[in-house]
Structures are given as structure tokens and as C-alpha cells.
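Asks: Generate the whole structure from the sequences, applying the supplied hints.
Same order as they appear, the protein sequences are chains A and B. Residue 1 is where the first sequence starts when you use the UniProt record's numbering, and the numbers rise one by one after that. Residue 1 is where the second sequence starts when you use the UniProt record's numbering, and the numbers rise one by one after that.
Derived by calculation from the structure, the hints in this document are not laboratory data. Note that this is a predicted model, so its numbers are computed, not measured. It cannot be assumed that every hint is accurate.
Claimed, not checked - Restraint ranges, calculated between C-beta atoms of paired labels, are given here:
(1) N66/B with G606/A: 22 to 28 Å
(2) A377/A with G114/B: 37 to 43 Å
(3) E224/A with V118/B: 24 to 30 Å
(4) E555/A with Q6/B: 39 to 45 Å
What the hints assert, rightly or not - Derived contacts from chain A toward chain B, CB cut-off under 10 Å, selection only:
(5) F174
(6) V332
(7) D358
(8) M407
(9) F612
Note that the Cβ used here is the ideal one computed from N, Cα and C, for glycine as well.
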Amino acid sequence: MSEQQPTHRPDADEPATAEATTAEEMAADDASAEAASPEDDAGARPVTTGSESVVRALETAGVEHLFGVQGGAIMPVYDALYDSDLSHVTMAHEQGAAHAADAYGIVSGDPGVCLATSGPGATNLVTGLADASLDSDPMIALTGQVPTAMVGSDAFQEADTTGITSPVTKENYFASDADTVGDAVGEAFALADEGRQGPTLVDLPKDVTNGATEQEPAAGSTPETYDPPERAEREAVTAAADAIASAERPVILAGGGVIKAEACDELRQFATEYGIPVVTTMPAVGAFPEDHDLAMEMAGMHGTGYANMAITHCDAMFAVGTRFDDRLTGGVETFAPEAEIVHADIDPAEISKNVHADYPLLGDAGTVIDQVHDALAEERAADMSATGERWTAWREQCRDWKDEYPMDYATPADEPLKPQFVVEAVDAATADDTIVTTGVGQHQMWAVQYWTYTQPRTWVSSHGLGTMGYGLPSAIGARFAADDDQSVVCFDGDGSFLMTLQELAVAVRENLDITVFVLNNEAVGMVRQWQDGFFEGRRMASEYPWIPDFETLAEAFGARGYTINATDDESEVEDVVSEALGYDGPSVVDAHIDPTENVYPMVPSGGANGEFVLAEDQL
Amino acid sequence: MTEGLQGPAPDERPQPSGRRNAQGIRIDPEVAAEPESRRTVLSALVENEPGVLAKISGLVSRRQFNIESLTVGTTTNPETSRVTLVIEEPEPGVRQVEKQLDKVINVISVRELGDDAVRRELVVLKVHGEEPDKVNAVTEMYDGTTLDAGPRTITVQITGDEQKIDDAIDAFRQFGIRELARTGQTALARGEEWTTHAEEERYERVHDT
Ligand SMILES: Cc1ncc(C[n+]2csc(CCOP(=O)(O)OP(=O)(O)O)c2C)c(N)n1
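Replies: Have a look at this one:
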């Protein structure tokens, strides 16, 4: 078995030097690519080069928007885009392109597409790929690569892109031939979307994209060896339904897979018909309306007290489309310690990876929920004692926990502005279908805790990787996927915002209606919270000695800037919020918040969910 | 003005009595069972394409699976290769390796082989050549072959199951082993049983057309 990429050593007369991608050489390459052919009889331009085949594959897949940055090795593909109707958004940084494509995929449900050149362009995508990978977001990356003959020679802007990205993609391809490159793109697109979604990548050597071909790409389909399960086996479903029916304290744990599989309606029907409380993971926020009587909201490290009480005390858990991440489970030993676990997932490898599944159900989330729904109906018809009154006491217990541990924050007079209030004020001023994106840190937790999410695909955040800087570029991607009348807001931290704020240039250029609320505590607040809690207040490198004036900075980019002072009263805050939201274009609100505010409840890392703390003195 | 987060403190709340072990399995508090590691062989039929072995070895290292050996070679079907892994993991770990391997797009099928599988490995070892007759005797005892014999060194090959190879190496130590190279195990299911699920279909596709 050959372990080499198909490489041919450079011929003696072939330039294997940095000059390979000088302007001169690039011009020569471009000249060798045939000019766009006139349209044929059918009205479609026939494919003449590898690049055109790549673009055709994207068109066939239904792609509308691409996010990327130009460069030497990807130029042939950009040249082919020149003649297409695809809209390309030039981002300020490839990480921005990846997050934008990722968010586009989350909001639209279809893979978002990002492009980058070889070497540094490709490596700049890596964070975004890793992010999409841990969150199973559908996304495809197309990267330029040095010509095949130079691969392996440490050529100018060469990086082993397939090697580097292999651990952070669902699958990646090294395109070796102009005749098949379009097929590879089609397959990568199909794979990103089917089964458990995830990012895929196609690495495109310049000679392959420049190469002549008349081969129209096949309609993209997944390879023969990829066969995600659809329906769970009947006996397994019956056994699982039995376990749920005979439980006294069942909960549903909805994971992000519920949204990915478009199974929110099935979830809602199932939960409401049987009256089972619903807890969500962070990626599943929005899968079940948070204002519903049965909603226990998000569980885990910064989940609600009542969600964590419900999962700690349940005796049966119907977990759908979750990978039991440690931020959700806390210490595995104490996770739902009395529960029989029914775990439905489309990825067999998630079954019993972190938490043992007593009843594994392999299949599509929507299909499996329906299967269990029907099996439970039979079960309950057979067991006459199980009437609509079943689980009343448990539901009451869950409601009591909601009363006992309401989500709230203290606002004593004369204290500086609370971040939670800003989140609530924006929620109050916007429609239900508003999309919220975030950076990573305390602000992210306040944005999930104090906003009432009622619809899927309105919560866009970096869960598994926890990538600071995710907020602004993801708001840009979300904006392109959102309906025109849907609002997009971003809650960012001052630290997170500083990581990718160059994308403001893109928001201004494209005149995107996005409002960024920087919850400014002049610190990387989440780190500071941990230092105070677990490192005796030794605040090493967590407080910013100086922070830019974000209002002026926004204006410098050409966006609208606003400031909220920590001493402003509530009506002043609300006024700025509505003014910023009302501005039709990108705006940034620099909201100076109480720098001492911390995120609670909190389950200390690896602790027991039921032992969440409500304040620092309980740590 | 609101109050902030209220409610009983952690130690005032009711606590569940159950527990799980590190593998997430619910355990009886009296017998806190931790599954023991076991040694087993997984066989994977994979597409013969560039980068597949790199994907598999990368998967193994980044997920920290405990691999004893990994061998690979093409099959009679030029489209496929067989990868044989000997792993030492507790039961849930064995299943994880199997499922994660199965997820690699180029893996056609993968299966854990039973204890009765036919397993072989090869060692080539080089000993000092001062006592050629004695070396020869040991080589014969282990059904080995002499590959090279010179005035100073003798190189032999031994094949067999893991135990036999271990024993043979021990026996050759008396002469002073200068160097050795060992392949790791390769294996097939015994008798008419197909080694992995897809084998029969693949076999027919190649041999009946
Ligand atoms: C790229 C990256 N680097 C470092 C971290 C570690 N980290 C997690 S939260 C956090 C603080 C975030 O600060 P900020 O964005 O200002 O948000 P705040 O917590 O203050 O709301 C840091 C540094 C990270 N998550 N991502």
C-alpha cells in the first residue's frame, strides 16, 4: 500500500523555487488556462479545465455563497468563479472564512463553503475546521496546493494540508487529476452533509485546477463504504421503549444532532405527548422551546440548576444526538448515576464512547424518535396503569426545581451594569427568530443563559472547541444564510472580539446588518473567574491593562459605533440597544459591564452536575 | 432589584446514591468493577489508496489506543489491503477502536477475530557466529531457516505464533543477539469463516467476473 501522495519529483527544468508563484509565473499559468468558452447549445458552459469542473460541482450542489481569501495556488479556481453566478465574500482572514462558512452551515443546514490558498491560507483554516469538526457542522473547504510535481519539495507556500487537516475533518481529498477533481468536490460536499455532518476538505494542486478536461462532474454522492444507519432495529426500539415506560423519572436529553437531523418537530411531539421533561446540551439550544412548560433548558457546566438536578436524579434518559461531552457530563462517575441510558445516534462510534449506553439505537434522530414514540404508544396501551397521569409527580419535582433555582442575577443599587441585563434587553428588543452568535467566555454563557431561545438554528456558537474570535465571522456567515427580515446579533467578549475584529471590514464592505454587543469587562473574564475560583485570585495575564475604544474603532472601519457606560441606567441602555439594532448596517456596541460579575451556576470541571455552585463561596 | 441565584447549597441538596465507573457503566456501589484489559486482534479490509495507512495510524495515536502491533499488506484483490491490529484495551476500548476504524471512509469492513484465528508473525534475527552448529540446532528446533551465515554473524528467520517467537528469541539469546526485526502479527479467521464481513462479496466480485 502506497503511503505517498501521488508525487513526481520536479523535473530538472521545472522551477522548484520560490519564484514558482511570482506574478510572472502566475500570469503564465493563467494564460495556459483556456479562456471561458462560449455557452453551448444547452445554455450551460462546457467544462474545459479542472477549475471549471470544481465550480460546476459547487453549482450542481446548490451552493450560493463562498467565503474565502485569494492566493497563488487557488487563483485558477477564483478565475473560474469569475464566470459563475456564485457569490464570493472576500474575508479578512481565512479563519474568518472558515467560521463564516461554519455558521452558514449551522443556520442553513447545508454545507457552507470556504476557500483558501495553499500553505498559510490552508493552515489559517485549521482552527475553523477543528471547530466545525467537534460540533459536527456541515462545511467544505477548498484549498489551493502547489503543483503536483512540487509536492513534497518544501516549495513556496507548500504545507501538507491533507496531513495537517486529517484529524480535524470528516474526510479530506488530495485531487490528483483534472478529470476527477469535480467528482471529488461533489463527493466531499455530499459527505459533509450526509449522516453525521462535518467538515470535509479538497486540496487542489495548481496543475490539476489548471489542467484541461472536458469531464463534467458527476452529481455528488457519498462513497460506497459510507452507509449511515437510517432506522434503528425493531427489537432494540422495543427494549428502549420498555425501559422508558417502566421508569419513574425519565428525561429527554436532546443533543445538537436533533437540530442537524431536522428532528425538532419529532422531539416536541414526543415530549409533549408523553409529558417528559426535556434537557438540552449547548449545541441543542433552540431544539426545544425554552418557554415551554417541559423545558429544563441547558445542562452541564454552566447549565441551569434545574436541568442539572433533572439529569442527576432521572432514572431513565432518552439521549438523542449527543456525544456526552465532558462539559455536559461533568465527572462521568456522577453523570445521571441512576439512569438507564437509551442513546440514539447516527454515529455508531458515539455509542458508549463516554457514557455507557444500556439501550443503543442507531439511526437518524427524527426516525428514531418516531420509532420510540410509536413503540411507547404500544407499550402504554398494553400497560393500562400507564395513563396520562404517569410521571406527574416527576414533572412536579422538575417544576419545583425551576422555582428553587431560577436563573437570576443580583442588581443592587449603585452597582455597575450587569451583562445579563444587556442580554435580556437585546432579547426583549428583537423578534423570536433573531440569530445570536458569540465568542467564547463569560459573555457566551450569559448569552445562552439569559436569552430565551425558541427556535432551532438561532443559536450559533463554538461549543466543542471553544474558539475565541468565533463571534463576528460567524455573524457574517449567519447573515448570508438568514432570511432578509431575520436579525443577526453577536455577543462578544472584549478578548474574543480582539481576535477577529478585522472582519468588520468585510461587514462594512458588504453592508451587512449585524449588531455586535461587546460585553466589555476589560479582561479575559472567564479565565479571571477560574483564577479567582481555583488559583487563589492570582490573575496572571487575564486583565487587560489597556483596551481600545471599540466605538471609535468601529467608526474607523466604517461601521457605526456606540458606547454604554457601566453607570448608565436601564433606560439609557435600552435606548442605545434599540438605536444600534435600528441601524441598517454593521454596528458595534461597546458595553462596559460590571467587571466583577461571574458566571453561575457552575459545575466545577469534572465535578458532579447536581453539585453546581451558585456563588464563589460555594466553590 | 432582584436577588441573584438562590436555592439550597450543594451539600443541602438530595444526592443520588448511584455511581458509574470510568467507562460510564453504572456500578453496584459494593462492587466497583473496572473492566480488565485484554489482548485481541482486529482485522480491517481497507481500500488500497494513498494515505489510508496514515489515516489509520493517526487515528490510533490521537485517540491513545493501546496498539501492540499493526501490519498491512495488499490482498489478492488489487483494490484492497488488509490491516491487522493487535490491541490491548478493556472491552469498551476494543469496541471503540473497532467503531472508530469503521468510520474511516476507506475502511470497507472491520472485525475482531476470535481466539481460534490463525495468527502468525515473523522474526529475522542476527546472532554472533562463533558456534554455528549450536545456532543451527536451535534454528531447526524452531523450524526456522538460515538466511545468511558468515564467519562472524548468522541470520535466521522464524515464523509462528507470538509465543513461539518469544520462546525462540529467548533460546537464541545464549549466542548473543546483535539485532532483530519482528513483523507483528497478521491473521485470518479459521476455516470457512470470512475474516471480515465484506470479504465474501469482494471475493466473488473479483473471482466470478
Ligand atoms: C482561541 C482561544 N484562546 C484562548 C482561549 C481560552 N479562553 C477561554 S475563555 C477566555 C476568556 C475570553 O475572554 P473574553 O472574550 O473577553 O470574554 P469574557 O470571558 O470576558 O466574557 C479565554 C482566554 C480560548 N477559548 N480560545
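Asks: Decide, hint by hint, whether the structure agrees.
Replies: For each hint, the structure was consulted:
Between N66/B and G606/A the CB atoms are about 23 Å apart, so this pair conforms to the stated range of 22 to 28 Å. Against the hinted window of 37 to 43 Å, the Cβ-Cβ separation of A377/A and G114/B comes to about 41 Å, which satisfies the hint. Checked against the hint of 24 to 30 Å, the pair E224/A and V118/B passes, with Cβ atoms roughly 29 Å apart. Distance hint check: the CB atoms of E555/A and Q6/B are about 43 Å apart, consistent with the given range 39 to 45 Å.
The restraint placing F174/A at the interface with chain B holds, with a minimum CB-CB distance near 7 Å, inside the 10 Å limit. Because the smallest distance between the Cβ of V332/A and any Cβ of chain B comes to about 5 Å, under 10 Å, the interface hint for this residue holds. For D358/A, the suggested interface contact is upheld, since its CB lies about 8 Å from the closest CB of chain B, less than 10 Å. This hint holds: M407/A has a C-beta 8 Å from the nearest C-beta of chain B, less than the 10 Å allowed.
For F612/A, the shortest C-beta to C-beta distance to chain B is roughly 7 Å, which falls under 10 Å, so the interface hint holds.
Hint violations for this structure: none, all hints satisfied.
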